[in-house]
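Enquirer: Once you have looked at the hints, place chain V with the ligand on chain U.
So the protein sequences, as listed, match chains U and V.
FYI, the numbering for the first sequence is 1 to 840, going by the numbering used here.
FYI, the numbering for the second sequence is 841 to 1182, going by the numbering used here.
Check the hints yourself; a few may be wrong.
Said to hold, decoys possible - Label-pair ranges, simulated between beta-carbon atoms: (1) V:1080 <-> U:33: 24 to 30 angstroms; (2) V:1061 <-> U:190: 49 to 55 angstroms; (3) V:966 <-> U:812: 57 to 63 angstroms; (4) V:957 <-> U:783: 36 to 42 angstroms; (5) U:743 <-> V:957: 38 to 44 angstroms; (6) V:1162 <-> U:783: 47 to 53 angstroms; (7) U:650 <-> V:859: 35 to 41 angstroms; (8) U:743 <-> V:1165: 56 to 62 angstroms; (9) V:871 <-> U:801: 34 to 40 angstroms; (10) U:452 <-> V:1165: 25 to 31 angstroms.
What the hints assert, rightly or not - Going by beta-carbon spacing under 10 angstroms, a handful of chain U positions derived as facing chain V: (11) 52; (12) 55; (13) 56; (14) 59; (15) 202; (16) 495; (17) 509; (18) 521; (19) 523; (20) 548; (21) 601; (22) 630; (23) 718.
Stated by the list, open to error - In silico contact screen, one side only, chain U against chain V (beta carbon under 10 angstroms); selected entries: (24) 30; (25) 497; (26) 513; (27) 514; (28) 520; (29) 527; (30) 546; (31) 562; (32) 604; (33) 615; (34) 635; (35) 797.
Hint data in this document are derived by calculation from the structure and do not stem from the laboratory.
Quick caveat, the model's predicted, so the values are computed rather than measured.
Beta carbons: idealized from backbone N, C-alpha and C, even for Gly.
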Amino acid sequence: MNVSHEWLQAFVPHALSAEQVRDLLTAHVATVEGFERLRADLAPFVVARVVESEKVPDTKLSFNKVDDGSGTLLEVVCGAPNVTVGAMYPFARSGTLMPAGFKIEKKKIRGFTSNGMLCSANELGLGEDQAGILELTTDAAPGTPLLTVLPLGDVRMVVDVLPNRPDLLSHLGVAREVSALTGVAMRSPLDALLPADAEGAVAGRGVALGAEARDARQASSGGATVRLEDAEGCPLYLGAVIRGIAVGPSPAWLRERVEAAGVRSISNVVDVTNYVLHGLGQPMHAFDLARLAEQTVVVRRARAGEKMVTLDGVERTLTTEMTMIADASQSIAVAGVMGGRDSEVTDATTDVLLEVAYFNPRRTRLTRRALGLSTDASYRFERGIDPQGGETALRVAVALLVAVAGGRVDGGMIAVGAAPSALPPVTLRPARVEAVLGAEVSGSEITGYLSGIGFGVAGARVGEGEGEGFGVAGAGVGEGELVVTPPSWRRDVTHEVDLIEDVARLHGYDRLPDTIEAYRPTTVPDHPLYLAGRRVRDALVATGLAEVRPIPFVKGDDASHWRVTNPLAEDEPHLRTSVLQSLVPRAEYNLTRMQGDVRIFEVGSVFLGKSSGTVDEVVRVGVLIMGARAPRHFSDTASSTAIDAWDAKALAERVARAAYPGASIEIGVAEEPALWQVLVNGQIIGSVCRLTLDAPVWASGAFGIECTIGAMPLAPVAEPGTSAHAGARPAVASAAPPVRYQAIPTTPAAEFDLALLVPDGIPAGDVERVLRTSGGEMLERLSLFDEFRGAGVPDGMRSLAWRLTFRHPERTLRDKEIDGRRSQLLKSLENQLGVKPRSA
Amino acid sequence: MLLDDFRSAAASLRTDGPGQIAAASSLDAWTEVRNALVGRTSGRLSDLMTALGTLPKEDRREAGQLANAVKQELEALLDARHTELSRGQQQGPAIDGTMPARATWQGSVHPVSLVIDEVVEIFRELGFTIALGPEAEHAWYNFGALNFPADHPAMDLHDTLYLNDDLVLRTHTSPVQVRTLQQYAPPIRILAPGNVYRRDFFDPSHAPMFSQIEGLVVDEGITFADLKATLTRFANRFFGETKTRFRPSYFPFTEPSAEMDVLCGVCKGSGCPVCKQSGWVEILGSGMVHPTVLENAGIDSEKYTGWAFGLGPARTAISRHAIPDIRILYDSDVRFLEQFAR
Ligand SMILES: [Zn+2]
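Next comes chain U alone, as it looks inside the complex (with noise of 0.2 angstroms):
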């Protein structure tokens, strides 16, 4: 909402400045987004100080030295009459932009330098006066900014209204808290909007409507008719008839104030509308009366599949659910939204139908929203008008219109219908107030914000003697408590906190107490996804790998993906069913940027369920690894180290080990494609895979990890308007057990090597476990440290090599019981699995 400082002052005659006034509104009503100066092209203007003025023989023209704050004098030729030594004038230094359009220069004239301009009023968009340079009465220092000495020129604030006010939508309501914040009292609407001393001010104020011709369906006057068909979309039409006016441009008073609303000034009748409505906040439209079939307008539901076109020239198709103003045989104006190309007042009108009009706020909305087409009337339509604003709207606007444009009156004003009824009072406990904002605020305070706003208030006598009896307790209200009755532009106020908030703001936030209280501990645990999350990041951080936060959306497919019913690309509408998703086209974004070294996770949400209609989302953490496995040191002898399957696998281990902790983890083989699934208490949780990028050839294969940390179930916690507080314990992460301390060996170990001659299609896994089974107690560890084929080894085998290292807990292992376990363990393994030692 674009509010002029200038108009505001029309309304709530305050002697507060512009920037007083955003505070004002910012702290107390709603915040103060933009401040613009609409003089702001006399921004770079000084004041400055003649010092030495001598007159240059045979001319009009001085040569003076002025002081413009900046150390040095300047020389100025200047050629007015009036340059006084001592004086203050407005001074352009060279290269100042004159409102006029052109830029001051450094030049000589008459063999003098002249540094800059002392400037006429006329000179700077002053006004007519070009008598000589403009004389300022000022104490300032030379150099101060022109704006800083004399504020001229409108400021334009853009307050920032939020859907619950819409009665902020015009300078009338942003007038009433001004007034209620200083105390200084409204003037009347017209008083406000039709300057007394605008030439047409005097016939506009003596316009009298004659008798009103009011009707639930139906009404005439001035040779109009008003039909209400739809009284849903519409409650109340209000109309008025003016003939032989003339459509010509506006007066500046009116062009000024329409534009310093941020509107473009298009001619004297359009701008009345637009001005009543910025004003008053009331849309309103203008038919030329004789361009209406039978000068009859209907407000009626659109017919199915009718078409008309708007104002801004298009053609619209519309549908039943709208609201349409038509004339007798056809429709003319899309209701509270935009009117329309055929109904148009243009330079030949001469006689007009004002429409003044309450149009259902839901409806004007789908409307709105099914014609994609948003106006400033529709804006404030949606939002809800003042119900009871639209007579004064009227008789303002015929008083203005007649003003600027000339005409008479043709009958009373046309009423069809009845504004929504009002709001029923709401009680208000002073106790209450305290309870919320922890600060006692009297009830006579109360009674005055609420009251300065505009809303009736009524209630109990507090108590014999305190004199603070505020009327008749009504029926079923407790003692000091408040009865509270909106005024009708505050249709967002239907419970008691409304009101609570009102006393709030006119208070003062930042009156309010900000000490910081003792409080009670929360009953609510750590989500233990959050937990595991952290768990989990920390340790691939750790791990050098880098966190990541891509978005959700992929390609996908409608069979196995969500899909958004209006996403943001046509080309990425589903949701992604693993991270690794959103993972690999961010390698790939690294790859075209050379970038080969690729080690990324995240742990964040996937959508699965498609299949069986309710959406099952998961927390999972995704990680992609690819290039150096470290960074290349110069004293590195292998000459590849890129990342590789078995990095990948040993991150997998970790990771599972850090979402779960104490879990029983194993690494196993997995079908194709994957290489491994990741197993928790013997449940798959996820798996490791080798990723097909859209790589260039320089690039290291690529790996994926994908593992589940848990589920977010999308079931409500409860019924709406219920809890499940009783019975209902989360989900207790499982604590890892403690560790337990094992003793630290004593005795020394024995080790020895074992080389087996593998036959392929015999795993490594499966010797490790006979080597395990067969090992007994005192196998301490079992390390697998080559593999090869090759000379020596026969085709379709390999021969692998373990170190097995055994410790008996008190006492030296013999050498014989060595050599006996050795033996045994060979004749397991080719008992078991056929497998021989290499050497034998």
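Expert: Same frame as chain U, now just chain V with the ligand:
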């Protein structure tokens, strides 16, 4: 052996020893020399000591003193040489210390997560725990329960992505308020970080998904003063000594509602282009939990009051790290991520 022979043997050891010690050019060589000279079992001094026992009794005293003196001289020289060699070993010419260390990859936490972590740490000091909720959410939790009127302009503030008539991608973390209130009885003090979605196209300052942190306090006797106090304390812990300002605002699920500003970090309140001359920078939205929200979660709104807030960590991350375009946070360029290595 005679005393004279002993004397000449000692003298020769005395003559040879220092030269050999000086000639030891490494610690290994030094060990060899030491063993050869004064080694306990096989050195020349130990030979001398053995010979001592074969001397006539009356000569042993003199010979013993002589052997001891030689021993002390040699050991002093050996110690000195060892010190020299050790020092030489440390500084030795074999290593050029200016060459780079063997590095390992440094992992990094995303800058948005860094902000979330920091906010979480501060609120943990104030007794908050962490709650989470689904990103694909029932419309009722996202809107209805939070007092959003149907077909109302308030909905325009949330351009929503839908999965079907009932399911949306949550537009804020506030649904976690309702889920938590339904599941746990007050007192409640929670923080709910998470991803939220809006139908906003990527541009330098918008993204269709971003993170948010929700805070909620509900108990008996909770007031707007608590809101101001707690959030002001947070602001001072997070931004360093600052001031806060509370402005009237509107959210359907809180009333009274307030935006909290802190002093602009660039101009400290005097006004500059960063804060659009206002001296203040908006940090979070907040307010007293609307009684309707409590009732929607089955909580007695007469007995309990509460407050809530929501802040966007990406905005904080962008401003504190001077990141010029929000899309950089999503691109995942490893050269960007590395800048946050630790
Ligand atoms: Zn600033």
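Enquirer: Next step is simple, just say for each hint if it's right about the structure.
Expert: So, going through the hints one by one against the coordinates:
no. : hint                                 : verdict
1   : V:1080 <-> U:33: 24 to 30 angstroms  : 26 angstroms, holds
2   : V:1061 <-> U:190: 49 to 55 angstroms : 50 angstroms, holds
3   : V:966 <-> U:812: 57 to 63 angstroms  : 60 angstroms, holds
4   : V:957 <-> U:783: 36 to 42 angstroms  : 39 angstroms, holds
5   : U:743 <-> V:957: 38 to 44 angstroms  : 40 angstroms, holds
6   : V:1162 <-> U:783: 47 to 53 angstroms : 50 angstroms, holds
7   : U:650 <-> V:859: 35 to 41 angstroms  : 58 angstroms, violated
8   : U:743 <-> V:1165: 56 to 62 angstroms : 59 angstroms, holds
9   : V:871 <-> U:801: 34 to 40 angstroms  : 37 angstroms, holds
10  : U:452 <-> V:1165: 25 to 31 angstroms : 47 angstroms, violated
11  : 52                                   : 37 angstroms, violated
12  : 55                                   : 44 angstroms, violated
13  : 56                                   : 44 angstroms, violated
14  : 59                                   : 45 angstroms, violated
15  : 202                                  : 41 angstroms, violated
16  : 495                                  : 7 angstroms, holds
17  : 509                                  : 4 angstroms, holds
18  : 521                                  : 6 angstroms, holds
19  : 523                                  : 5 angstroms, holds
20  : 548                                  : 4 angstroms, holds
21  : 601                                  : 9 angstroms, holds
22  : 630                                  : 6 angstroms, holds
23  : 718                                  : 5 angstroms, holds
24  : 30                                   : 7 angstroms, holds
25  : 497                                  : 5 angstroms, holds
26  : 513                                  : 4 angstroms, holds
27  : 514                                  : 4 angstroms, holds
28  : 520                                  : 4 angstroms, holds
29  : 527                                  : 4 angstroms, holds
30  : 546                                  : 4 angstroms, holds
31  : 562                                  : 6 angstroms, holds
32  : 604                                  : 7 angstroms, holds
33  : 615                                  : 5 angstroms, holds
34  : 635                                  : 7 angstroms, holds
35  : 797                                  : 38 angstroms, violated
In this structure, the earlier hints numbered 7, 10, 11, 12, 13, 14, 15 and 35 are contradicted, and the remaining ones agree with it.
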